[in-house]
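> FYI, this note's numbering numbers position 11 of the sequence shown as 11, with every residue one higher than the one before it.
There's no promise every hint is true.
[What the hints assert, rightly or not] If you anchor each label on the Cβ, the simulated ranges turn out as follows:
{"no.": "1", "residue 1": "142", "residue 2": "63", "range": "27 to 33 Å"}
{"no.": "2", "residue 1": "107", "residue 2": "55", "range": "31 to 37 Å"}
{"no.": "3", "residue 1": "3", "residue 2": "51", "range": "54 to 60 Å"}
These are calculated hints, taken from the structure and not from any lab test.
Backbone N, C-alpha and C fix where the C-beta goes; we use that ideal spot for every residue, glycine too.
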Amino acid sequence: MVADQETPGYLIPVPPETASFAALAPIEEAIVEQRRTLRSARATLAAFEGLYAEMHRQERPALTRLSGAAVISKALDAGVSGCRAEVRTAHPGGGRPAHVLEQSLPRDLGNLRRGIRQRTLYQHTVRSDRTTLAYIEQVTAEGAE
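I would like the entire structure built from these sequences, with the hints used as guidance.
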(Lines of atoms letter the chains of each structure in order from A and count residues from 1; the text may use other names and numbers.)
(Lines give C-alpha, C1' and ligand atoms only; values in the text may rest on other atoms or scores of the structure.)
Protein backbone atom coordinates (compact mmCIF):
# COMPACT_ATOMS: atom_id res chain seq x y z
CA MET A 1 0.00 0.00 0.00
CA VAL A 2 1.18 3.47 -0.84
CA ALA A 3 -0.32 6.86 -0.08
CA ASP A 4 -2.66 8.21 -2.76
CA GLN A 5 -1.21 11.54 -3.92
CA GLU A 6 -4.59 12.79 -5.15
CA THR A 7 -6.59 11.84 -2.07
CA PRO A 8 -4.82 12.51 1.22
CA GLY A 9 -5.42 9.85 3.87
CA TYR A 10 -6.14 7.11 1.36
CA LEU A 11 -3.89 4.19 0.53
CA ILE A 12 -3.69 2.42 -2.80
CA PRO A 13 -2.83 -1.27 -3.03
CA VAL A 14 0.27 -2.01 -5.12
CA PRO A 15 2.07 -5.21 -6.06
CA PRO A 16 4.32 -6.49 -3.23
CA GLU A 17 7.41 -6.15 -5.43
CA THR A 18 6.72 -2.43 -5.91
CA ALA A 19 6.10 -1.93 -2.20
CA SER A 20 9.25 -3.82 -1.22
CA PHE A 21 11.32 -1.76 -3.65
CA ALA A 22 10.05 1.47 -2.13
CA ALA A 23 10.47 0.23 1.45
CA LEU A 24 13.87 -1.42 1.00
CA ALA A 25 15.59 1.06 -1.34
CA PRO A 26 16.96 3.24 1.50
CA ILE A 27 18.37 0.16 3.26
CA GLU A 28 20.03 -1.07 0.06
CA GLU A 29 21.51 2.39 -0.55
CA ALA A 30 22.94 2.40 2.98
CA ILE A 31 24.48 -1.05 2.38
CA VAL A 32 26.04 0.14 -0.88
CA GLU A 33 27.48 3.17 0.90
CA GLN A 34 28.87 1.01 3.74
CA ARG A 35 30.50 -1.29 1.18
CA ARG A 36 32.09 1.76 -0.49
CA THR A 37 33.41 2.87 2.90
CA LEU A 38 34.70 -0.64 3.60
CA ARG A 39 36.54 -0.83 0.24
CA SER A 40 38.09 2.57 0.87
CA ALA A 41 39.27 1.59 4.35
CA ARG A 42 40.71 -1.69 3.03
CA ALA A 43 42.58 0.17 0.29
CA THR A 44 43.99 2.62 2.82
CA LEU A 45 45.16 -0.16 5.13
CA ALA A 46 46.54 -2.24 2.26
CA ALA A 47 49.03 0.54 1.58
CA PHE A 48 50.67 -0.32 4.90
CA GLU A 49 51.09 -4.03 4.07
CA GLY A 50 54.10 -3.42 1.82
CA LEU A 51 55.75 -1.11 4.34
CA TYR A 52 55.19 -3.61 7.17
CA ALA A 53 56.52 -6.52 5.11
CA GLU A 54 59.61 -4.54 4.10
CA MET A 55 60.39 -3.63 7.71
CA HIS A 56 60.13 -7.25 8.82
CA ARG A 57 62.31 -8.50 5.96
CA GLN A 58 65.12 -6.36 7.34
CA GLU A 59 64.75 -7.64 10.92
CA ARG A 60 66.77 -10.50 12.24
CA PRO A 61 64.74 -13.41 13.58
CA ALA A 62 64.13 -13.41 17.32
CA LEU A 63 65.20 -17.04 17.59
CA THR A 64 67.77 -19.03 15.69
CA ARG A 65 68.10 -22.77 16.05
CA LEU A 66 71.71 -23.88 16.43
CA SER A 67 72.92 -27.44 15.95
CA GLY A 68 76.24 -29.01 16.84
CA ALA A 69 78.46 -28.48 19.86
CA ALA A 70 81.03 -26.34 18.02
CA VAL A 71 78.42 -24.01 16.53
CA ILE A 72 76.61 -23.66 19.84
CA SER A 73 79.86 -23.02 21.71
CA LYS A 74 80.93 -20.27 19.29
CA ALA A 75 77.51 -18.64 19.45
CA LEU A 76 77.60 -18.70 23.25
CA ASP A 77 81.11 -17.25 23.31
CA ALA A 78 80.04 -14.44 20.98
CA GLY A 79 76.91 -13.70 22.98
CA VAL A 80 78.53 -13.85 26.39
CA SER A 81 81.57 -11.79 25.38
CA GLY A 82 79.27 -9.04 24.13
CA CYS A 83 77.22 -9.03 27.31
CA ARG A 84 77.22 -5.80 29.30
CA ALA A 85 74.87 -6.43 32.20
CA GLU A 86 73.63 -9.95 32.83
CA VAL A 87 73.86 -13.53 31.56
CA ARG A 88 70.89 -15.82 32.20
CA THR A 89 71.07 -19.49 31.32
CA ALA A 90 69.07 -22.65 31.93
CA HIS A 91 70.59 -26.11 31.67
CA PRO A 92 68.23 -29.04 31.19
CA GLY A 93 69.10 -32.51 32.35
CA GLY A 94 71.90 -33.49 34.68
CA GLY A 95 75.48 -32.40 34.98
CA ARG A 96 77.41 -30.68 32.24
CA PRO A 97 80.38 -32.35 30.53
CA ALA A 98 83.75 -31.62 32.15
CA HIS A 99 85.30 -30.25 28.93
CA VAL A 100 82.42 -27.77 28.53
CA LEU A 101 82.84 -26.56 32.11
CA GLU A 102 86.61 -26.24 31.64
CA GLN A 103 86.03 -24.04 28.58
CA SER A 104 83.36 -21.89 30.17
CA LEU A 105 84.90 -21.38 33.63
CA PRO A 106 87.56 -18.79 32.63
CA ARG A 107 85.02 -16.90 30.50
CA ASP A 108 82.39 -16.91 33.24
CA LEU A 109 84.81 -15.89 35.99
CA GLY A 110 86.11 -13.09 33.75
CA ASN A 111 82.59 -11.80 33.19
CA LEU A 112 81.78 -11.92 36.88
CA ARG A 113 84.95 -9.96 37.65
CA ARG A 114 83.91 -7.37 35.02
CA GLY A 115 80.66 -6.90 36.93
CA ILE A 116 78.45 -8.98 34.64
CA ARG A 117 75.70 -10.65 36.67
CA GLN A 118 75.28 -14.38 36.02
CA ARG A 119 72.12 -16.30 36.88
CA THR A 120 71.83 -19.98 35.99
CA LEU A 121 69.05 -22.52 36.49
CA TYR A 122 69.99 -26.16 36.91
CA GLN A 123 67.71 -29.11 37.49
CA HIS A 124 68.03 -30.88 40.82
CA THR A 125 69.85 -33.81 39.16
CA VAL A 126 73.11 -31.81 39.10
CA ARG A 127 73.37 -32.36 42.85
CA SER A 128 74.90 -35.74 42.14
CA ASP A 129 77.40 -34.49 39.53
CA ARG A 130 80.67 -33.52 41.25
CA THR A 131 82.16 -31.74 38.23
CA THR A 132 79.15 -29.48 37.76
CA LEU A 133 78.93 -28.84 41.50
CA ALA A 134 82.60 -27.80 41.58
CA TYR A 135 81.95 -25.35 38.73
CA ILE A 136 78.88 -23.97 40.52
CA GLU A 137 80.87 -23.46 43.72
CA GLN A 138 83.59 -21.55 41.88
CA VAL A 139 81.28 -19.18 40.01
CA THR A 140 79.03 -18.73 43.05
CA ALA A 141 82.07 -17.67 45.08
CA GLU A 142 82.58 -14.90 42.50
CA GLY A 143 78.95 -13.74 42.72
CA ALA A 144 77.00 -15.91 40.30
CA GLU A 145 73.53 -17.05 41.28
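> Which hint numbers doesn't this structure obey?
No numbers; nothing is violated.
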